[in-house]
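Colleague: Given these sequences and hints, build the entire structure.
What follows is each chain in one-letter form.
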Amino acid sequence: DQQVKQNSPSLSVQEGRISILNCDYTNSMFDYFLWYKKYPAEGPTFLISISSIKDKNEDGRFTVFLNKSAKHLSLHIVPSQPGDSAVYFCAATDSWGKLQFGAGTQVVVTP
Amino acid sequence: GAGVSQSPRYKVAKRGQDVALRCDPISGHVSLFWYQQALGQGPEFLTYFQNEAQLDKSGLPSDRFFAERPEGSVSTLKIQRTQQEDSAVYLCASSIDVNTEAFFGQGTRLTVV
Numbered sequence: 001d002q003q004v005k006q007n008s009p010s011l012s013v014q015e016g017r018i019s020i021l022n023c024d025y026t027n028s029m030f031d032y033f034l035w036y037k038k039y040p041a042e043g044p045t046f047l048i049s050i051s052s053i054k055d056k057n058e059d060g061r062f063t064v065f066l067n068k069s070a071k072h073l074s075l076h077i078v079p080s081q082p083g084d085s086a087v088y089f090c091a092a093t094d095s096w097g098k099l100q101f102g103a104g105t106q107v108v109v110t111p
Numbered sequence: 001g002a003g004v005s006q007s008p009r010y011k012v013a014k015r016g017q018d019v020a021l022r023c024d025p026i027s028g029h030v031s032l033f034w035y036q037q038a039l040g041q042g043p044e045f046l047t048y049f050q051n052e053a054q055l056d057k058s059g060l061p062s063d064r065f066f067a068e069r070p071e072g073s074v075s076t077l078k079i080q081r082t083q084q085e086d087s088a089v090y091l092c093a094s095s096i097d098v099n100t101e102a103f104f105g106q107g108t109r110l111t112v113v
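If you read the sequences in order, they're chains X and A. Read left to right, the first sequence gives residues 1 to 111 (this note's numbering). Read left to right, the second sequence gives residues 1 to 113 (this note's numbering).
Hints were generated in silico from the structure; no laboratory data involved. For each residue, glycine too, the CB sits at the ideal point set by N, CA and C. No incorrect hints appear here.
So the derived list for chain X, only partly shown, Cβ under 7 Å to chain A, looks like this:
id, residue
1, 42
2, 46
3, 98
With a Cα cut of at most 30 Å, we get these calculated DSSO-like pairs of lysine-lysine:
id, chain 1, residue 1, chain 2, residue 2
4, X, 68, X, 56
5, X, 71, A, 57
6, A, 57, X, 5
7, A, 14, A, 57
Modeller: Okay, here's the thing in structure tokens:
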């Protein structure tokens, strides 16, 4: 069963605007959440993470929000840049780092 | 090297052939993971090593899949008698310790014809 879900397969956003990517999970035992970015023909690159004891983590243009009661997290990218065009994966773990991934969201940043 | 290195980058195998995929993790990284990524999907967990010990192999799809990390560094994922459904990108990741960010290699794209 899919324990991590990204329901939007794609997102198009104008350069300079905010990109908001959403992720839902079903396993209440998940205690650590990560976002990875992936360019074609490359492996996923770690972007930002958040522990379940927090509800927000910020790193430059990237902010991750966690709503445990709703089992929902989101990634905000502000401002969006052309280089942000990639596939973004949400991932979660409940133990020693074994990751459960969502199916990914393809982000396209247009000029 | 600076990052996780996987070889080969691309592999075409005839159905029934055995293949071996190699992963060189970042030096000093204790944890090593293998994932399988089908087209249009997120990576799916296959197996996990902590040093040379394989602590979880619950994601291996069948007994045709075998992984090892004999000296706690380089790891090999072997697939015997490949089938078309084995076609995927196989990703290796390593992390310095448990519950720290994992760094991924570029993957090996396996195509079984």
